[in-house]
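Protein chains: 4
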Amino acid sequence: MRRVKLGIIGVGEIGTVHATNIVRDVPGAELTAVADLRVEKARECARSLGVTKFYARTEELLADRDVEAVLICTTPESHAQILIAAAAAGKNIFCEKPLGLEPVEAEKALARVEAAGVLLQVGFNRRFDASFKRIKEHIDAGKLGTPHSVHIISRDPEPPGKEYYLLSGGILLDMTIHDFDMARHLIGDEVVEVYVAGSTLIAPWLAEHGDADTLAVILKFSRGAVGIISNSCKAVFGYDQRVEVFGERGMVSATNPLPDTTIIVNGEGHRTPPLFHFFTERYRASYAEELRSFVDSVANGTKPVVTGRDGLIGIQIATAARTSLRTGSPVRL
Amino acid sequence: MRRVKLGIIGVGEIGTVHATNIVRDVPGAELTAVADLRVEKARECARSLGVTKFYARTEELLADRDVEAVLICTTPESHAQILIAAAAAGKNIFCEKPLGLEPVEAEKALARVEAAGVLLQVGFNRRFDASFKRIKEHIDAGKLGTPHSVHIISRDPEPPGKEYYLLSGGILLDMTIHDFDMARHLIGDEVVEVYVAGSTLIAPWLAEHGDADTLAVILKFSRGAVGIISNSCKAVFGYDQRVEVFGERGMVSATNPLPDTTIIVNGEGHRTPPLFHFFTERYRASYAEELRSFVDSVANGTKPVVTGRDGLIGIQIATAARTSLRTGSPVRL
Amino acid sequence: MRRVKLGIIGVGEIGTVHATNIVRDVPGAELTAVADLRVEKARECARSLGVTKFYARTEELLADRDVEAVLICTTPESHAQILIAAAAAGKNIFCEKPLGLEPVEAEKALARVEAAGVLLQVGFNRRFDASFKRIKEHIDAGKLGTPHSVHIISRDPEPPGKEYYLLSGGILLDMTIHDFDMARHLIGDEVVEVYVAGSTLIAPWLAEHGDADTLAVILKFSRGAVGIISNSCKAVFGYDQRVEVFGERGMVSATNPLPDTTIIVNGEGHRTPPLFHFFTERYRASYAEELRSFVDSVANGTKPVVTGRDGLIGIQIATAARTSLRTGSPVRL
Amino acid sequence: MRRVKLGIIGVGEIGTVHATNIVRDVPGAELTAVADLRVEKARECARSLGVTKFYARTEELLADRDVEAVLICTTPESHAQILIAAAAAGKNIFCEKPLGLEPVEAEKALARVEAAGVLLQVGFNRRFDASFKRIKEHIDAGKLGTPHSVHIISRDPEPPGKEYYLLSGGILLDMTIHDFDMARHLIGDEVVEVYVAGSTLIAPWLAEHGDADTLAVILKFSRGAVGIISNSCKAVFGYDQRVEVFGERGMVSATNPLPDTTIIVNGEGHRTPPLFHFFTERYRASYAEELRSFVDSVANGTKPVVTGRDGLIGIQIATAARTSLRTGSPVRL
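Chains as they are written, first to last, in this note's numbering: chain V, 593 to 925; chain E, 593 to 925; chain L, 593 to 925; chain Z, 593 to 925.
Simulated from the structure, these hints should not be mistaken for lab results. Do not take every clue at face value.
Copies of one chain are not kept apart here, so a pair can be met inside one copy or by any two copies together.
To be verified - Derived pair list, reagent style DMTMM-like, types lysine to aspartate or glutamate, alpha-carbon separation capped at 20 Å:
1. Lys725 x Glu873
2. Lys826 x Glu860
3. Lys735 x Asp852
4. Lys728 x Glu622
5. Lys728 x Glu860
6. Lys645 x Asp902
Quantities reported herein were computed from a predicted structural model and do not represent experimental measurements.
This is chain V alone, in the form it adopts within the complex (with noise of 0.2 Å):
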């Protein structure tokens, strides 16, 4: 079987996730370059893997002609910029989301990338879950029905840093994004309002940007379904992630896993174990199968499983969102 050979452009926290699972849980790839500005960061990854080549300049991987498709896993303020470079340069592109800040930037390079006819799958890796895709093909299989509301509960065990908050486009962009995508792929419908309603009861700071860390959005799709998401971003249990779709036949739902099945019981009662803290843990699984995922649709040609168009929405959703947010009255996409 011929493996797919990757560059990955950003060997921060998710692009070290993405570099150990190529080289352990994706057999149908590859990890021929790294690249990072901080060139001791993409030196020690490069090192610590068995990779044998790596640079401090996206151009340089870009020109690496053996590499024949990019992860872009760098800071959300520059993904649109290297996109339009990855695409020029011929590599397929996986990229983390969102695809820009704003839905404008986003487009362009998403026009840039249709034209240079290169693939591109984009990082909602929620979707390749086990149990949300399980739920998906619960739906898909007709088990459920016409689908009339789906909600979602996504809490992080911790606000964002300043620094990494202030190049993420927000709360919203950068975290509810995840969960408008999860809501649209569920229901199978697009969004045409977006409602939010939201406080700083943990981050008072995020007020100054117009941002809020407990937050409440409704959202209501073309074919009458009403989406729910609750987010916060301090969840002193770990890290919250919880789906219900609910419908004409019936609910579907998924919970949190836990890192293992004891219960410990005394006069206090039944406990079982905490959450995973956060998404490098819970989420493990669903991002080497993402990995899989592109890697075949590259080795294939096939179309990925989340496409440029899913980020470009993500982004449309998290803007008027951002907007609803700000005017207090539900926004019209």
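Based on the hints, put chains E, L and Z in the right spot on chain V.
What follows is chains E, L and Z alone, placed relative to chain V:
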């Protein structure tokens, strides 16, 4: 122990639940008389429970000197008027929700109740559910820290019949009012704004009344917490009633009780039993508990756990919610 | 509907449970008289439940012509003798387990009951538990196929007091007898051999009586299924009562019901409530159900769900089990 | 970090599991060579994992100076002999259970291993399962107090094939040995007596070998605790592996992990997914963990977590259990 003498006005479904509970599960009370415009209903209820007095007319029961306290269990549109008559007769009052169909009507009735100096408890029975009580105790004990959000899922097994619907004040006043009350009860704060999105995916005729069968509600509380309510008029799997409160120090939730604890395991997975079908089964114990609490208040002259003001606020939120559903914009209270 | 007139002999803990249930939850019966050697107990029970007749002596109650059926709720060592007297008086009989302290004694009593042609139901209340009933129905409907094994975990919250213990016939006859009955009820076959291992890890004084507080039992059934019972006299977390039946087509089990459905989540994990403390809470509904079943049998002349033979077989297995515990070898029945 | 060089003898099902784990999930080791009498198997395994050396004969691999430690993954009847050869070759050894088919054989091999001064770990992989490890930690931390009983349910999805069975030493040595080890590991005490009841309800041909497919086992421990094991060779719902330890201060248990966390709700109830089918899926992580532990021991010269003595005791209990099954009487160790 002295037993408080009760009379019930209206022995339809809920009146009969109360009548039976008084006889079986409220040791501090006795059922002295029942009244119903459909006098055959009153006679049958009295006969089956060994109650000697029954009346066709509310006035007759109110004139009965043996009756110390009355339960108003008629259809919603008559509540305010009977409240006024019962207060005038000097009876202590337990009144089913809602107190009236509009805030003004309810306010007027409450003023008369206060002027008469009689005691009034409103029928938000869910506050007496064992699980929801434990959630409240957990929060009141400070174990959750500051509450940040409350999520309520509340689904009926079937939409209301048209005839009942037209007397009920609509879905938000009849059904969601319980959730509005639970949300403010658990958060321990007042709602300042409400937003509702709704669709008619189940009972299209509701659209003619500006109403919906699938509802998503966001409540903003004065101290920044948010409330989320999800309603459906038709869950094919039974009466679905769940609550989750998230806060500074963790989370506390209550799910649906099941009729038994069996698990059937085969090649298709693990299966637990279906939910209870509707409120008379699912909330059976809470109805008895609310009457024991009412009877205690009457016997001891203490303030009821659910006050007339709680009843009024529920109507105010429901009325604002109806406006939001119809206009598509959030409404301040 | 005619109401069956009941008398209770012995109003200690279990007699009082039955008395209260008859008054509140057995519509087809009325409690006509109670008797207890401690006449003050009888008087108090009668007074609190509005029963007019009470007696100090069993003979008086048996001579009362108003009483159609009696409940024998005295201490175990007196059961056989009262059974004979009640049969002689022509009363239908509900008798708490065990029917006697030895098989011979019980056989003699049963012979008299049969000769008198009165109806007898034995107090294996757990057969009437909603969950265990559903397990039985599942098996009887053939959904499990041939049963291969049954596992019963049955733990008390506290060891018996010495005084009660000396009248009870020992742990195997008093406590494990319920599990023996449940095992043969669910497997639908008879036990041919029993092996018991036991220790005194909780109440060392039991060793003086050749008894144990920690027991592991294996039952062999005539058609090859095996039964496993695990007992403890002291579970610090409450009354632990679970059943699992495994067979050709899968498994069906029932776990402990909990007082409410709350889940408390924090950094230490997820916590559900403690178990019910003991049988009066955990099996409350089953006691009422067994009496409704008994009253139906009396009213309609139908065969009781739990027969005298079931009661006898329980004693036979318990007696063989005691021999196995003492000799260390399996014992054939 | 130095990587420990491993060779695998026997690349059937379990050998292949280990080979794959070494390459992917044991960073401290590398797979240097594989051997299998079926040389095509060895070649294919080596090729697919990028291993350069493969052998048909065990002796060749043992003579390979690059190999520091070997994994013995052949059929059970050959273990003792290969242990002796590997010890003679001075290799550190990881040996799959059982060490031999009879205690005498295993003792002899152990003596040679000790004399050679090489390190030996036995393949009781379940000790490395995340849930069972947490149970052990809970007990070792004293949170359970004195353990009173341990319950193990262990069911395979299918009975063994006859060919494999004849080389395996029988159900008790091949399957139940894991449960014997787990019971003494968790109780922290030694078994002094074993009693086994068994039937052939699934695979009648097992009766010809004095064996059974449905087993119930009681273990007596030296300090009074009891152990209960329930085995079946065919659970139609998958690989069922549960443990519960009960003690002075409560209980700790572990149930089966599920492939995902979905719950499907409809009128028939709530359904969670089926179990994993067999050990390669259910215990996948534990196999990698046991090898990381072995490699740590080799690299640091520390005592293995599972010793040769543990392996021997497992065989001793299994042998006594076989006698009990055949004679119908408990057997002292």
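How the hints compare with the structure:
1. Lys725 x Glu873: both (18 Å within a copy, 19 Å between copies)
2. Lys826 x Glu860: between (26 Å within a copy, 16 Å between copies)
3. Lys735 x Asp852: between (30 Å within a copy, 18 Å between copies)
4. Lys728 x Glu622: For Lys728 and Glu622, neither the intra-copy (30 Å) nor the inter-copy (40 Å) Cα distance is at most 20 Å.
5. Lys728 x Glu860: between (38 Å within a copy, 18 Å between copies)
6. Lys645 x Asp902: Close neither inside one copy (32 Å) nor across copies (48 Å); limit 20 Å.
The earlier numbered hints that this structure contradicts are 4 and 6.
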